[in-house]
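A.B. asks: Based on the hints, put chain B in the right spot on chain A.
From first to last, the protein sequence lines are chains A and B. Numbered as in the numbering used here, the first sequence ends at 665 without a single skipped number. Numbered as in the numbering used here, the second sequence ends at 544 without a single skipped number.
What the hints contain is simulated information worked out from the structure, not anything from laboratory work. Since we're looking at a predicted model, the values are computed, not measured. Heads up, the beta-carbon is just placed ideally off N, CA and C, and yes, glycines get one too. It is possible that part of the hints are untrue.
Sample of chain A residues facing chain B (criterion: CB under 7 angstroms; computed from the structure) [what the hints assert, rightly or not]:
(1) VAL188
(2) ARG195
(3) ASP613
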Amino acid sequence: MTSADLLRLVLLLPLAGAVLNGVAPLFLKHLRTRETLLGTIGTAVVAIPFVLTVYLFVTFGGDPIVADYFTWMAAGDLDLSFAYRVDQLSLLMTLVVTGVGGVIHLYSIGYMHGDDGYWRFFAYLNLFIFAMLNLVLANNLPVLFLGWEGVGLCSYLLIGFWYTDLRNSAAANKAFIVNRVGDVAFLVAMFLVFRELGSLSFDVLLAEGPNLPEATLNWIVFLLFVGATGKSAQIPLFVWLPDAMAGPTPVSALIHAATMVTSGLYLLARLSALVLGAPVVMMIVAIVGAATALMAATIAVAQDDIKRVLAYSTVSQLGYMFMAAGVGAFFVAIFHVVTHAFFKACLFLGAGSVIHGMEEVEHGLEEQGRDPSDFDPQDMRTMGGLAEYMPATRTTYLLATLAISGIPLTAGFFSKDEILFKAFEYGYDGSTYAMAVWVVGILTAVLTAFYMMRSYVLTFEGEPRWPLSDQLAPHESPSTMTGALWTLGLLSLVGGFIGLPAVVQGGDWNWIHHYLGAKYGGPVAEASVQGHVPLALEWGLILLSSVIALGTVYYAWRVYLTQGLGYDAALKRRLRGVYQTWTDKYYWDEFYNEVVVDSLINGVARKGLAAFDTTVVDGAVNGVADTAQNASGLLRRVQTGLVQNYALALTVGAALLIGLMLYGV
Amino acid sequence: MNIPHLTSLVIFLPALGAVLTLALRRASAIRWTALATTLATFLLSIGLFVGYDPSVSTALAPQLADVWAGWLPDGYDIKYFVGIDGLSLLLVMLTTLLGPIVVLSSWTYIGEKHKGYYALLLLLQTGITGVFTSFDLFLFYIFFELTLIPMYFIIGIWGGTERIYAAVKFVIYTLVGSLLMLVGILYLGYAAGDAVNNGVFTTDWYTLLEYNIPLAVQGWLFAVFAFSFAIKVPLFPLHTWLPDAHVQAPTGGSVILAGVLLKMGTYGLLRFCLPLFPNVAQSSAGLFAVIAIIGIIYGALVARVQDDAKSLVAYSSISHLGFVVLGLFAFTTEAMQGAVIQMVNHGLSTGALFLLVGMLYERRHTRLMDDYGGLATSVPVLTTLMVISVLASAGLPGLNGFVGEFLILLGSFKSPVIDSPVLIAFATTGVILAAMYLLHMVYRTFFGELTNEANAQMADLNGREFGLMVPLIVLMFVLGFFPSPFLRQTAPTTEFLLETVEEKRAAVERMEANDAATAEEPTQVPTAPPEGQEVSIDVPSTSP
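Pulled out of the complex, with its shape left as it was, chain A reads as follows:
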């Protein structure tokens, strides 16, 4: 088999899985409960592509493989194919998508056990993988966009998975529509590219794009970045992501942590050669990333819902990745994409395992005759002490927490430190904004270590805080779930070694840089920096990061272990309004709901246009009709049947006519 054939399998297997799992049980109801069958098919169609991708990865020769399957649309100058591109960047992303994706599928077999929509769930997950693979493997913008909107669709389907609760469906609609706002920018970017280059293929875009006038390039990159803020949840379009936690937990892990939200970063990395030609936009990217990172981290400090903490943490970490892109270090952004996929998927799946356990408590309460309606299995305030009951979940969650906090030698340490270093280096080189971004990055690192350790301690350490905790005990999740947790937990620990910093062997051991970097023949360009940071300073920065991470983690561990929820109360007292603003998420939702959505729908559409349509536009028509009717009514009255009247009318008319003719009006 050629690489093109293998690639075809990689792409089509998940699609086949989606069709099988989605269509057959829709009509054959008895298949809906065949969980083993459905789950095995669902997982296999992702696991097999992972194995095939590993093969492609190992045998990859260095030159991009382009597979052009068939024409999609051809009209005028447009000649668009379903064309895919295998290179270092798409291989790495495919490995993450199918690898982490496969683990999440495996986990779902246990997690979704007993759910009525088991079949649908796997169909949607498979479809998601198919869309995501289109996104990362595409060789032109529209095929990428097919995946781009496809993952948006799957996220809509999965967030609204439990559709009987309208809040979930509302969150799903929100996710789709907010993403579409970004998609419009993406579409316009494509139109602009096509107008300027007459093609949408990456081959043409990457070869000729950088030669475009700077103004045009600025617009293209800016529009694509706006698209990226939608998918990758940055200010101002991040609001859908926290709500998206309404979906089942594996969905949060797959879509909202490991894969879909990184699409925007992938896009920028794929087009890095173009982005570097638009320095103004790069500054915007870095600043938006930094602002998002800091804002989301502060919100995460003040949340009690375990998934919500992780959701805002995701937004914040994505901000880090955009910082990297904004200082021209695209390969570092991708490095953080990879490590983040490991530890954030692990955290989400761990949270899912915890929620599973807490739901057991909820059922227990119900059986004991207690009203469980005020019990929330996602609320960390009623957790605590779970380490004893769920040891595997606890250990893996801790590993991932240490990784995201940047404890030395974990995956997050290497990637985050590299981002901070690149920002510093770019700033050292004379860029003021990069230095500001670096400062924000350090601040965010402190907050990250703090809120993550808080979530760990509140969940797993101390004494149990749920009602009847002496009688009701949650149990550890089944092995399909803990197996997934261990895999991701270990990757969180060692995954960072693919990108050792420059202080080690002068950067020669930075595998990911060598693999992706354009200077080593890879597809990802990077900003060139003139003045090098002295080695001692670089060591100093690493030391700083380590001290910050260790110090903050220790501090958070100590205060929450000794004071528990009391420390939250203390924080609330000390910070007052600021803390409340964090809890209320800076009122972004209120702003959008009241100012944007409400005024558009109720103001403009309902009170404005719809009323205008019935009264003015249609009113005019009906008015004309009424006038005609009235006029004919009047005319009818003229038809009296009396000859005298007709004669009179005739005379008057004739006189008028003659008068007109004579005086020639």
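C.D. replies: Chain B alone, transformed into the frame defined by chain A:
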């Protein structure tokens, strides 16, 4: 396979079926006859798709043509002249495809006066197919008017509670436009006859193409034609007949209306307005783009606040056809190809939406979305098909709607005639609004708890209902992933049309420039004042 007079057969077989149904008594016999007729017509029309060869030019004559000139006395070059080219092929296929689907959808929906209903439905199909295949403007007009009467009765007899109002409104609106167009046709026939047909009145499309119409005349001729077609599309602000007609019409009527009848408007613009009046068409392209974009945004926003599901879909049509009109007036190959394919796409996806809403109506006898809710639990198959149709309509890549919208916007963005990327970027926001109103409909109708017993007891699609949806759903995917065989069929004619527009526009400009040059010469001669033109106006006042 070579069937003689295939095009005519496809046009008139339904009419023949209509006559046949009149001879029948039993409702089931009538239904089966209608189904057999429309199915046979569809099968025959596949012959058109296969028989049409895009590599053969249609610059001088359509393919699979039928000409019969002997129906009017000498002195009038009005022919029965039908055939197929790249513009008509897909719309004919869409019409014949929807034929059996509409018959099946009416199977139990129509509970009385079967004979009249199916006869009118079949007659309507003949009229519509005729419109899409006529290469004689006069013949086009006859078919165009022929569609009016059956639709009027279908709405007026089998419609909802406000059916009479809706039917009358539909007829008056359309008549106002088409009578004006008739005046235009008569004038054009004589003028073209004088100019290029040895003084013989002509409405042959190809002959008309040879006639370079002076600018002053182009202006008002374009106005009456475009006005008539704009009502049919309908373009803002001439659209208010549409929601009434759609909401009141029976499901079958709505499907035909949205699926193909509205396309007579966009098709008319494409077939006649653009190539016959190229200068005015191009100079007013900006205006039409603005009107189209108003329609896109306006229709979408008004759709968002509807409580009636059918009304929502009706307003969505206004929004979607705005894209088509935008594509036509961009004068680029990409956009025009997109517009043609979008006409088909809209027929498929909006047709599907009306069918599904109709199936809900048949079960619960209400169209208000608030009367539903939670249906995904009780009718999962219907829900699945609805979600697919909604996504197609919202332009999700991989489904048909995206292809048309993408090509239209892509081509309009680079259009030198519209020349306003900002405007097109604004039009693109229509895809956000489409997601808003369509997902809102799904949200209100299908999600949430099943609180109403009648909704909980609702039966899912039966075999007939599912079967009639399958072709539409399959085509949504086919056109979404493999539109190129269809685009290939339309490409040469689109390019021919654009070339014609360009040549004729230049020719008229040259002509006008020459006229202006010759008009300047006589001014040097004092005895030749340009009073000749005024004489005709002065006649009445000077006569006494």
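A.B. asks: Against each hint, give a clear statement of whether it holds in the structure.
C.D. replies: Results for each hint:
Taking 7 angstroms as the C-beta cut-off, the interface hint given for VAL188 of chain A holds, the closest approach to chain B being about 5 angstroms. Given hint, ARG195 of chain A at the interface with chain B, holds; its Cβ is 4 angstroms from that chain's nearest Cβ, closer than 7 angstroms. For ASP613 of chain A, the suggested interface contact is upheld, since its CB lies about 5 angstroms from the closest CB of chain B, less than 7 angstroms.
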